[in-house]
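Position chain U relative to chain H; hints supplied.
The chain contents come next:
There are 2 protein chains.
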Amino acid sequence: MERYQPCCKEEEEFLRNYNPGQFPSIAVTVDAVIFGISRDSAENYRKLDKQSLKVLLVKRTDYPYKDYYSLPGGFVLEGETFEESLQRTLENKTGLKNAYSEQLYTFDGVHRDPRMRVISCSYISLLDTRKARIKDAVWVELEEVSKLAMAFDHSFLIAEAVKRLRGKLQYTDIVFHMMPEEFTISELQSVYEIILGEKLLAAAFRRTIANKLEDTGKMTSNAGHRPSRIFRYKGREC
Amino acid sequence: MERYQPCCKEEEEFLRNYNPGQFPSIAVTVDAVIFGISRDSAENYRKLDKQSLKVLLVKRTDYPYKDYYSLPGGFVLEGETFEESLQRTLENKTGLKNAYSEQLYTFDGVHRDPRMRVISCSYISLLDTRKARIKDAVWVELEEVSKLAMAFDHSFLIAEAVKRLRGKLQYTDIVFHMMPEEFTISELQSVYEIILGEKLLAAAFRRTIANKLEDTGKMTSNAGHRPSRIFRYKGREC
Chain H
1002 MERYQPCCKE EEEFLRNYNP GQFPSIAVTV DAVIFGISRD SAENYRKLDK
1052 QSLKVLLVKR TDYPYKDYYS LPGGFVLEGE TFEESLQRTL ENKTGLKNAY
1102 SEQLYTFDGV HRDPRMRVIS CSYISLLDTR KARIKDAVWV ELEEVSKLAM
1152 AFDHSFLIAE AVKRLRGKLQ YTDIVFHMMP EEFTISELQS VYEIILGEKL
1202 LAAAFRRTIA NKLEDTGKMT SNAGHRPSRI FRYKGREC
Chain U
1002 MERYQPCCKE EEEFLRNYNP GQFPSIAVTV DAVIFGISRD SAENYRKLDK
1052 QSLKVLLVKR TDYPYKDYYS LPGGFVLEGE TFEESLQRTL ENKTGLKNAY
1102 SEQLYTFDGV HRDPRMRVIS CSYISLLDTR KARIKDAVWV ELEEVSKLAM
1152 AFDHSFLIAE AVKRLRGKLQ YTDIVFHMMP EEFTISELQS VYEIILGEKL
1202 LAAAFRRTIA NKLEDTGKMT SNAGHRPSRI FRYKGREC
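Going down the list, the protein sequences come from chains H and U.
When we follow the working numbering, the leftmost residue of the first sequence carries the number 1002, and every step to the right adds one.
When we follow the working numbering, the leftmost residue of the second sequence carries the number 1002, and every step to the right adds one.
This is chain H alone, in the form it adopts within the complex (with noise of 0.2 Å):
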């Protein structure tokens, strides 16, 4: 957005003089719901079943809510965007670098921090976990989240992230930012139902997602297992 410019002297004169003090400030952090699906390993390649969603936490060091768990996040700096200082908050605290991210919500809750008034921007994130590198920070089963001793309201958080998510897979081609370059289409699907929870019918998956794919022409060689052909995403955005 180019620099504004005062219309006249007045403006000039009424901006100098203007007091920020005269409205309420409040903090801003940004909170990253990072979500992942943990895959097993060639062995046991059988067990699709035991795939689940995760999300990354790091345990805070400080008051408040010390020793809790919470989302990779932190205060929004002087002249910083929203999405700068989410990318340099995830490199901090988790390793991670240019995250694919989307602005979730502003949680305006009163009460959020007894600090001071904290609004939350939230942003989702969505990593294939084979190609992150991450580092003081946990991937923990969404239904373990529940269980754990979590800072803040970041329990809603990740309860809303997971809506929205869930709605964004049936409408959008987010979860393609969640899969290798190449991938089966029962890969695919399994990663669609470890999201949604619940177990989609082949053929009809295959036909509402059989536009946004592409056949690579190889087929899959895992010994025990009928060969599959390997597709990638179609779309140029990803």
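Among chain U residues calculated to face chain H with C-beta under 7 Å, some are:
no.	residue
1	Glu1012
2	Ser1026
3	Ala1028
4	Val1029
5	Tyr1064
6	Thr1107
7	Pro1115
8	Arg1116
9	Tyr1172
No wet-lab data here; the hints were simulated from the structure.
Yeah, the Cβ is synthetic: ideal placement off N, Cα and C, and Gly gets one too.
Okay, now just chain U, sitting in the frame of chain H:
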């Protein structure tokens, strides 16, 4: 959210001595992109194609951007949730009460406002223009917005809101907020067409929308028109 309880004396001490000024504070506004569809009066009911998507704007009376058009909105006050702030501001600036709204996006540009850093949490509202009583605000046709002098990044906010509205039309029941309680399928189709900016095939539209509607058993009786069935929205939430 329940009030936070420090775990120990040490944390009590930490919170008592916490300096909220160590992280930058940012002023926060809520801004509403309020959509309505102008409807023709009974006299010219044949001119369905003259309906248009409109957005509700107010004229700024103060610097900066004095005399420019802007979305109705205002600063979030101490102890106020975004929704409370939105309803207060809308009532003050447009006379609207209890408008349905949902969060669109938080705009975080560093130089959005020449006074100070201000982020805007924007909301989408949809109104049945026949029910809404408006004061001090004007309905502007979407196509006319680009010809107006618009304050801040509000043209951009409106463009983003239109994209979201078009998307949500496809996978949610949001449209019914713009409809009267009872309507014909062709009235509903024309609202879809106005928002999407394209003609739809009547048979296909009827098929996709049918399961959301309930037949009232009544028929229209406009002179010069074949009577049409009158429906209402079947969903509980609207």
